[in-house]
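**Q** From first to last, the protein sequence lines stand for chains A and B. In this text, residue positions in the first sequence follow the working numbering: the first is 1, and each later residue adds one. In this text, residue positions in the second sequence follow the working numbering: the first is 1, and each later residue adds one.
Some hints could be false.
[Stated by the list, open to error] Selected chain A positions facing chain B (in silico; Cβ < 7 Å):
no., residue
1, Pro-43
2, Phe-45
3, Ser-101
4, Tyr-102
5, Asn-110
[Unchecked claim] In silico SDA-like pairs for lysine to any residue, Cα to Cα no more than 25 Å straight-line:
no., chain 1, residue 1, chain 2, residue 2
6, A, Lys-11, B, Ala-86
7, B, Lys-103, A, Gly-85
8, B, Lys-42, A, Thr-7
9, B, Lys-42, A, Gly-40
10, B, Lys-42, A, Ser-38
11, B, Lys-103, B, Thr-74
12, B, Lys-68, A, Ser-9
13, B, Lys-68, A, Ser-38
14, A, Lys-11, B, Lys-42
15, A, Lys-15, A, Ala-98
16, B, Lys-103, B, Ala-29
17, B, Lys-42, A, Asp-63
18, A, Lys-78, B, Ser-28
19, A, Lys-15, A, Gly-40
20, A, Lys-15, B, Thr-58
21, B, Lys-1, A, Lys-15
22, B, Lys-1, A, Phe-66
23, A, Lys-11, A, Ser-104
24, B, Lys-68, B, Thr-58
25, B, Lys-1, B, Lys-42
26, B, Lys-103, A, Asp-57
27, B, Lys-103, A, Asn-62
28, B, Lys-68, B, Lys-103
29, B, Lys-103, B, Ser-28
30, B, Lys-42, A, Thr-13
31, B, Lys-42, A, Ser-9
32, B, Lys-42, A, Gly-59
33, B, Lys-103, A, Ser-73
34, B, Lys-103, A, Asp-86
35, A, Lys-11, A, Arg-113
36, B, Lys-42, A, His-29
37, B, Lys-103, A, Ala-2
38, B, Lys-1, A, Phe-65
39, A, Lys-15, A, Glu-44
40, A, Lys-11, A, Ser-100
Source of the hints: derived by calculation from the structure; they are not laboratory data. Note that beta-carbon positions come from the ideal geometry of N, C-alpha and C, so glycine has one too.
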Amino acid sequence: GAGVSQTPSNKVTEKGKYVELRCDPISGHTALYWYRQSLGQGPEFLIYFQGTGAADDSGLPNDRFFAVRPEGSVSTLKIQRTERGDSAVYLCASSLDAGSSYNSPLHFGNGTRLTVT
Amino acid sequence: KQEVTQIPAALSVPEGENLVLNCSFTDSAIYNLQWFRQDPGKGLTSLLLIQSSQREQTSGRLNASLDKSSGRSTLYIAASQPGDSATYLCAVVGGNYKLTFGKGTLLTVNP
């Protein structure tokens, strides 16, 4: 079946603009995770959803970042008033449920490369 | 706070060599340790997952070991091939469902 799909694959925006990044998880996966990977670094946790609710948003860097998953499937990561420091690859992953992460690997998408000029 | 360190940061080897990548973590209270591969411009592909109760896992030419008490893991790649060139990431899962990653090892296998 289809894997985790992220769109767009690349996004270039000007400083101060608003952007939305979309993630379409594997069908039937109730847990969805967002990670951010800066150049030369490992991915860092941002937020995860179990169903429609954000179970843990402790990794969001500030209130310019917000994520939703209104129907428990597709999720959108929203960044307001973008800054050059937001430039990174934003990765989405999904799993059957949060607890399955103890026994099974997450399935990652190819990411969205965000460049803020 | 969990911290994951990977050594070396980069490694270049001739084709056919066996090699070892190292990973260490500061908090031994983990549920599992995972090794991922990342190709340029791509997402992460899971290679091996070792449960905290396990000592090693094998898949083809890959073997990963885990010494939870000392906070160490190694990824052994036998008979390396140019197609193995990629960044290898180590990550651990603690009691909060979240992965904590190292910075990765950039592997280049030269033909």
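**Q** Now tell me, hint by hint, if it's right for this structure.
**A** Outcome of the hint check:
Taking 7 Å as the C-beta contact cut-off toward chain B, the hint placing Pro-43(A) at the interface holds, the least distance being around 5 Å. Restraint check, Phe-45(A) versus chain B: the minimum CB separation of about 5 Å is within 7 Å; hint holds. For Ser-101(A), the interface hint holds, since its Cβ comes within 7 Å of a Cβ in chain B; the closest pair sits about 5 Å apart. A least Cβ separation of about 4 Å between Tyr-102(A) and chain B falls short of the 7 Å threshold, and the interface hint therefore holds.
The restraint placing Asn-110(A) at the interface with chain B holds, with a minimum CB-CB distance near 4 Å, inside the 7 Å limit. A threshold of 25 Å between alpha carbons decides the hint, and for Lys-11(A) with Ala-86(B) the separation of about 24 Å falls inside it, so the pair holds. Annotation: proposed proximity of Lys-103(B) to Gly-85(A) holds, straight-line Cα distance about 18 Å (limit 25 Å). Using a Cα cut-off of 25 Å, the hinted pair Lys-42(B) and Thr-7(A) holds, with the two alpha carbons roughly 13 Å apart.
Proximity of Lys-42(B) to Gly-40(A) is assessed by CA-CA distance (about 14 Å); at most 25 Å being required, the pair is judged to hold. Straight-line distance between C-alpha atoms of Lys-42(B) and Ser-38(A) comes to about 14 Å, which keeps the hinted pair within the 25 Å bound. Proposed proximity of Lys-103(B) and Thr-74(B) is supported: the alpha carbons are some 15 Å apart, at most 25 Å. Of the supplied pair hints, the one linking Lys-68(B) and Ser-9(A) is violated, its CA atoms being roughly 37 Å apart against a limit of 25 Å.
Taking the CA atoms of Lys-68(B) and Ser-38(A), the gap is near 28 Å; set against the 25 Å cutoff, the hint is violated. Proposed proximity of Lys-11(A) and Lys-42(B) is supported: the alpha carbons are some 15 Å apart, at most 25 Å. Under the criterion of a C-alpha separation no larger than 25 Å, the hint pairing Lys-15(A) with Ala-98(A) is inconsistent with the structure, at around 35 Å. At roughly 20 Å between alpha-carbon atoms, Lys-103(B) and Ala-29(B) fall within 25 Å of each other, so this suggested pair holds.
For the suggested pair Lys-42(B) and Asp-63(A), the alpha carbons sit about 28 Å apart, so the restraint of at most 25 Å is broken. With a C-alpha separation of about 35 Å, the suggested pair Lys-78(A) and Ser-28(B) falls outside the 25 Å cut-off, and the hint is violated. Restraint check for Lys-15(A) and Gly-40(A): the C-alpha separation of about 22 Å stays at or below 25 Å, so the hint holds. Proposed proximity of Lys-15(A) and Thr-58(B) is contradicted: the alpha carbons are some 46 Å apart, above 25 Å.
For the suggested pair Lys-1(B) and Lys-15(A), the alpha carbons sit about 32 Å apart, so the restraint of at most 25 Å is broken. Pair hint Lys-1(B) plus Phe-66(A) holds up; C-alpha atoms about 24 Å apart against a cutoff of 25 Å. Distance restraint check for Lys-11(A) and Ser-104(A): the Cα-Cα separation of roughly 31 Å exceeds the 25 Å cut-off, and the hinted pair is therefore not satisfied. A threshold of 25 Å between alpha carbons decides the hint, and for Lys-68(B) with Thr-58(B) the separation of about 17 Å falls inside it, so the pair holds.
For the proposed pair Lys-1(B) and Lys-42(B), the alpha carbon gap of about 28 Å is over 25 Å, so the pair is violated. This hinted pair checks out: Lys-103(B) and Asp-57(A) have alpha carbons roughly 22 Å apart, not beyond 25 Å. Between Lys-103(B) and Asn-62(A) the alpha-carbon distance is near 23 Å, which keeps this suggested pair within the 25 Å criterion. Annotation: proposed proximity of Lys-68(B) to Lys-103(B) holds, straight-line Cα distance about 20 Å (limit 25 Å).
For the hint pairing Lys-103(B) with Ser-28(B), the CA-to-CA distance comes to about 19 Å; that is within 25 Å, so the pair holds. Our distance criterion of 25 Å between C-alpha atoms is met by Lys-42(B) and Thr-13(A), whose separation comes to about 21 Å. Distance restraint check for Lys-42(B) and Ser-9(A): the Cα-Cα separation of roughly 10 Å lies within the 25 Å cut-off, and the hinted pair is therefore satisfied. At most 25 Å may separate the alpha-carbon atoms for a hinted pair to count; Lys-42(B) and Gly-59(A) meet this at roughly 22 Å.
The straight-line distance between the Cα atoms of Lys-103(B) and Ser-73(A) is roughly 30 Å, outside the 25 Å bound, and the hint therefore fails. Distance restraint check for Lys-103(B) and Asp-86(A): the Cα-Cα separation of roughly 18 Å lies within the 25 Å cut-off, and the hinted pair is therefore satisfied. Using a Cα cut-off of 25 Å, the hinted pair Lys-11(A) and Arg-113(A) holds, with the two alpha carbons roughly 6 Å apart. Proposed proximity of Lys-42(B) and His-29(A) is supported: the alpha carbons are some 21 Å apart, at most 25 Å.
For the given pair, Lys-103(B) sits about 28 Å from Ala-2(A) by alpha-carbon distance, which is inconsistent with the 25 Å threshold. For the suggested pair Lys-1(B) and Phe-65(A), the alpha carbons sit about 23 Å apart, so the restraint of at most 25 Å is met. For the hint pairing Lys-15(A) with Glu-44(A), the CA-to-CA distance comes to about 22 Å; that is within 25 Å, so the pair holds. Note on Lys-11(A) and Ser-100(A): the hinted pairing is violated, with a Cα-Cα distance of about 32 Å set against a maximum of 25 Å.
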